[in-house]
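Chemist: Chain residues, written in single-letter form:
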Amino acid sequence: MKTALFASAAVIALAAFGTSAAFAQSRDTIQIAGSSTVLPFASIVAEEFSAAFPEFKTPVVGSGGTGGGLKQFCEGTGDNTIDIANASRQIKDAELEACTAAGVTDVREVQFGFDGIVFASSASGADFALTPVQIYKAIAAKVMVDGAMVDNPYKTWNEIDASLPNQPISLAIPASNHGTREVFQEKVVTAGFKEAGHPEGMSEDDIKAAETTFRQDVVIEISGDYTETLARLNSDANTVGVFGLSFYEQNTDSLKVATIDGVVPSKETVAGGEYPVSRPLFFYVKGQHIGVIPGIEEYVQFFLSEGVSGEGGALEAAGLIPQPAEKTAEVLAAFEAGAQ
Amino acid sequence: MATDIQTSPDKSSSERTALIRAGLRRRHLNEQIFRGLGIAAIAIALGFVALLFADVFRKGIPAFVQSNVHLSVTFDAEVIDVGPAPARGDFASDAEYTAASLKWQRDLALLNWNTIVEASLRKAAPEGFEIDSRQIQSIPETNARHQIREMFVRDPSLLGQTVEVDVLASANAANWIKGNINRDLGDAQQQLSPPARQLIDIFVENGTISNGFAWSIFTNVDSRAAPASAGLLGAFVGTLWMMLIVVVLAVPIGVAAAIYLEEFAPKSRLTDLIEVNINNLAAVPSIVFGLLGAAVFINWFHLPISAPLVGGLVLTLMTLPTIIIATRGALMGVSPALRQAALGMGASKTQMVFHHVLPVTFPSILTATILGVAHALGETAPLLLIGMKAFVASVPATPLDQAAALPVQIYLWQGNENRNFFEPRTAAAIMVLLAVMILLNGVAIYLRSRLEKRA
Numbered sequence: 002m003k004t005a006l007f008a009s010a011a012v013i014a015l016a017a018f019g020t021s022a023a024f025a026q027s028r029d030t031i032q033i034a035g036s037s038t039v040l041p042f043a044s045i046v047a048e049e050f051s052a053a054f055p056e057f058k059t060p061v062v063g064s065g066g067t068g069g070g071l072k073q074f075c076e077g078t079g080d081n082t083i084d085i086a087n088a089s090r091q092i093k094d095a096e097l098e099a100c101t102a103a104g105v106t107d108v109r110e111v112q113f114g115f116d117g118i119v120f121a122s123s124a125s126g127a128d129f130a131l132t133p134v135q136i137y138k139a140i141a142a143k144v145m146v147d148g149a150m151v152d153n154p155y156k157t158w159n160e161i162d163a164s165l166p167n168q169p170i171s172l173a174i175p176a177s178n179h180g181t182r183e184v185f186q187e188k189v190v191t192a193g194f195k196e197a198g199h200p201e202g203m204s205e206d207d208i209k210a211a212e213t214t215f216r217q218d219v220v221i222e223i224s225g226d227y228t229e230t231l232a233r234l235n236s237d238a239n240t241v242g243v244f245g246l247s248f249y250e251q252n253t254d255s256l257k258v259a260t261i262d263g264v265v266p267s268k269e270t271v272a273g274g275e276y277p278v279s280r281p282l283f284f285y286v287k288g289q290h291i292g293v294i295p296g297i298e299e300y301v302q303f304f305l306s307e308g309v310s311g312e313g314g315a316l317e318a319a320g321l322i323p324q325p326a327e328k329t330a331e332v333l334a335a336f337e338a339g340a341q
Numbered sequence: 004m005a006t007d008i009q010t011s012p013d014k015s016s017s018e019r020t021a022l023i024r025a026g027l028r029r030r031h032l033n034e035q036i037f038r039g040l041g042i043a044a045i046a047i048a049l050g051f052v053a054l055l056f057a058d059v060f061r062k063g064i065p066a067f068v069q070s071n072v073h074l075s076v077t078f079d080a081e082v083i084d085v086g087p088a089p090a091r092g093d094f095a096s097d098a099e100y101t102a103a104s105l106k107w108q109r110d111l112a113l114l115n116w117n118t119i120v121e122a123s124l125r126k127a128a129p130e131g132f133e134i135d136s137r138q139i140q141s142i143p144e145t146n147a148r149h150q151i152r153e154m155f156v157r158d159p160s161l162l163g164q165t166v167e168v169d170v171l172a173s174a175n176a177a178n179w180i181k182g183n184i185n186r187d188l189g190d191a192q193q194q195l196s197p198p199a200r201q202l203i204d205i206f207v208e209n210g211t212i213s214n215g216f217a218w219s220i221f222t223n224v225d226s227r228a229a230p231a232s233a234g235l236l237g238a239f240v241g242t243l244w245m246m247l248i249v250v251v252l253a254v255p256i257g258v259a260a261a262i263y264l265e266e267f268a269p270k271s272r273l274t275d276l277i278e279v280n281i282n283n284l285a286a287v288p289s290i291v292f293g294l295l296g297a298a299v300f301i302n303w304f305h306l307p308i309s310a311p312l313v314g315g316l317v318l319t320l321m322t323l324p325t326i327i328i329a330t331r332g333a334l335m336g337v338s339p340a341l342r343q344a345a346l347g348m349g350a351s352k353t354q355m356v357f358h359h360v361l362p363v364t365f366p367s368i369l370t371a372t373i374l375g376v377a378h379a380l381g382e383t384a385p386l387l388l389i390g391m392k393a394f395v396a397s398v399p400a401t402p403l404d405q406a407a408a409l410p411v412q413i414y415l416w417q418g419n420e421n422r423n424f425f426e427p428r429t430a431a432a433i434m435v436l437l438a439v440m441i442l443l444n445g446v447a448i449y450l451r452s453r454l455e456k457r458a
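If you read the sequences in order, they're chains A and B.
For the first sequence, the numbering used here gives the first residue as 2, with consecutive numbering after it.
For the second sequence, the numbering used here gives the first residue as 4, with consecutive numbering after it.
Quick caveat, the hints were computed from the structure, so don't treat them as lab data.
Any given hint could be a false lead.
[Said to hold, decoys possible] Derived CB-CB ranges, DEER-like:
1. B/A285 to A/E312: 55 to 61 Å
2. A/E229 to B/I64: 23 to 29 Å
3. A/A197 to B/A400: 55 to 61 Å
4. A/N167 to B/P198: 36 to 42 Å
5. B/A400 to A/E331: 36 to 42 Å
6. B/L54 to A/N235: 15 to 21 Å
7. B/N115 to A/A330: 20 to 26 Å
8. A/E275 to B/L54: 47 to 53 Å
Every residue, glycine too, gets a C-beta built ideally from N, C-alpha and C.
Please build the complete structure, drawing on both the sequences and the hints.
Modeler: Okay, here's the thing in structure tokens:
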């Protein structure tokens with residue numbers, strides 16, 4: 002028993018030593034977090050990166066949404082902060098300020114491609130041909146009827162427009178921790194609101210409120226991944242969900258996509274600019290970590306290389322819509338030039 | 004009832020007997036109702052367990068079968084034109100050799116190995132079968148090219164030779180073969196193009212594609228680039244590191260705390276307060292420990308994120324109260340006679356505790372430890388908060404490396420966008436986790452019965 006006691010004491014001492022030794026140990030793995038839309042792409046690049054660069058460890062890719070990732074990114078510099086934040090929207094001024102305040106002064110933006118946002122319903126359900134104004138009318142808390150803002154009266158889709166199916170309105174949209182939400186707000190709801198018009202003499206604040214206030218009885222906010230949205234659709238066939246184009250393309254057997262303004266979302270229509278709801282994808286690199294954490298520069302170069310994010314590259318096969326090669330060259334040059 | 008009988012002593016004996024009989028019948032009825040309820044409760048509980056297991060097994064068992072594509076791969080010298088591998092003898096120092104070797108490997112990595120994979124697939128396809136490059140590439144998993152490249156890195160003498168290689172079929176091909184995707188759906192709803200599907204069916208028929216046990220689940224790390232090759236090895240090792248830390252820290256600290264509190268500490272307000280708090284700690288939701296871990300270990304102590312060390316420390320905090328309470332219970336259960344006998348023979352208090360009391364409680368402490376570890380094994384919520392939900396495609400060599408854990412891997416796989424492939428795989432991961440837990444519980448029961456017999 003005595004030996005056991007000594008042994009355990011030794012073990013505790015050792016563990017304590019190990020803990021303190023960790024302070025001195027420098028990280029040699031690139032740490033990434035952020036958007037769940039970018040996650041599959043970043044993970045694929047991470048794996049291919051370690052295959053192509055045997056001298057570096059495989060980067061670790063976490064999720065948490067664009068907002069969550071940038072929050073982690075802006076916590077400061079050093080070993081226990083992340084090096085790269087994935088984002089499905091551009092960084093906000095407030096976030097940049099938070100970064101600067103925490104000492105993250107060298108934030109380098111890298112745009113690497115596009116993603117479409119699609120509206121899809123259960124494959125067994127009705128066909129949808131939507132327009133932004135119809136979606137706005139479906140989810141806004143107040144809509145204009147006879148020149149005045151009233152509580153949203155629509156119960157079924159065909160009440161909004163006779164061409165839509167006669168089924169109850171129910172829409173699963175990403176919660177505000179997702180970058181997708183912002184694109185949805187800007188390109189769909191706000192666009193729809195502008196088209197639908199509003200009574201004259203509304204103040205700025207009222208307009209903002211009218212655009213962003215949704216009815217809670219028909220709108221389901223999803224803070225998890227797209228699989229959670231898919232689960233909603235499977236449990237209630239009347240729900241229409243918001244997905245990334247790449248997610249939809251992996252699940253065409255259970256999802257049916259809606260057209261927007263008559264355009265079917267696809268890689269071609271998004272890249273060609275005909276499909277209206279698309280957004281660029283980004284990641285943000287902490288410039289101060291370049292040269293400290295090994296491999297960051299190589300990772301960015303590899304990410305932007307033709308065979309990875311270019312036309313016909315590994316990411317296109319996974320659903321990314323490549324950006325023009327000139328844009329990529331521009332982005333890479335800006336990255337290498339350093340802090341903006 | 005009883006008062007009835009007592010207060011009416013004049014009643015005739017037959018009336019009294021009837022009353023007693025009625026009372027007796029009622030009591031028997033009550034007992035039967037209670038037994039019935041008890042059996043129903045057990046049946047419901049077992050029914051749900053059976054339902055859970057049946058569902059997990061039904062979904063998970065197919066995931067233990069993987070589809071392999073047998074190819075004869077030619078290491079075409081025209082494609083592999085990077086020159087011979089550097090030999091150690093040609094370089095003055097190790098550093099130069101390593102640099103040259105890395106450069107050679109990089110050059111190899113930049114080659115288009117897909118052409119080699121495609122050529123071998125076309126060789127296996129029936130003559131004149133029309134399929135374009137992209138469609139035929141959708142049949143093998145994307146890691147086939149890495150697999151072939153690594154073969155060449157290990158053995159550069161393969162140049163120009165043709166060897167038999169088994170590569171994995173892609174996740175979409177596996178879905179088609181296993182029927183995870185509805186085969187009757189139209190072309191627009193299928194993941195694979197019509198010629199690819201047709202060729203897969205031909206391959207299955209002529210034996211180019213065959214099914215085998217999915218060892219990849221146990222020998223591979225997680226993968227998103229090649230979903231069919233995603234495995235649990237990284238998560239398993241991550242969990243192992245965490246459990247090691249839990250055992251190494253929680254057992255000595257927990258047992259020492261319990262012995263002190265039970266045998267040495269004066270019974271006072273303070274020790275009462277400590278006892279109440281330990282009981283409270285045992286009931287604290289695990290997610291709170293995760294928040295604490297993120298705040299203290301990561302933000303304050305600056306320990307690495309996503310590391311099993313932090314996970315282990317958090318789970319240690321969670322397991323400690325369980326071990327302290329169980330050990331104290333065991334110590335309390337030791338007969339006072341044993342203590343008095345030891346003290347009576349002139350043993351000191353320390354001798355009494357360590358030579359006589361503790362050995363008797365050993366089986367209970369061991370059981371508590373194993374059950375505590377089994378509980379910690381399945382804990383997910385605190386790990387999500389300390390960044391262990393990241394995608395990690397490597398095996399952690401030390402507890403300071405980034406890692407996943409088994410329950411977190413389940414969480415990650417259930418969120419993967421390739422639902423048809425990952426739903427079975429998630430269930431398979433659950434089966435592995437359940438197997439480890441049942442094993443641990445089995446060991447606990449076995450050790451307890453063995454040690455109790457000896458004691």
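Chemist: If I claimed the Cβ atoms of A/E275 and B/L54 lie 47 to 53 Å apart, would that claim hold in this structure?
Modeler: holds (49 Å)
Chemist: Does the hinted range 23 to 29 Å hold for A/E229 and B/I64 at CB?
Modeler: holds (26 Å)
Chemist: Does the Cβ-Cβ separation between B/A400 and A/E331 fall within 36 to 42 Å?
Modeler: Between B/A400 and A/E331, where Cβ atoms are some 40 Å apart, the hint holds.
Chemist: B/L54 and A/N235, beta-carbon distance inside 15 to 21 Å?
Modeler: For B/L54 and A/N235 the Cβ distance comes to about 19 Å; the hint holds.
Chemist: For the range 36 to 42 Å, tell me whether the beta carbons of A/N167 and B/P198 fit it or not.
Modeler: holds (40 Å)
Chemist: Just tell me: holds or violated, for the beta carbon distance of B/A285 and A/E312 against 55 to 61 Å?
Modeler: holds (58 Å)
Chemist: Could you tell me whether the CB distance from A/A197 to B/A400 stays inside 55 to 61 Å?
Modeler: holds (59 Å)
Chemist: So the hint says 20 to 26 Å: do the beta-carbon atoms of B/N115 and A/A330 match that?
Modeler: Distance hint for B/N115, A/A330 holds at roughly 22 Å.
Hint violations for this structure: none, all hints satisfied.
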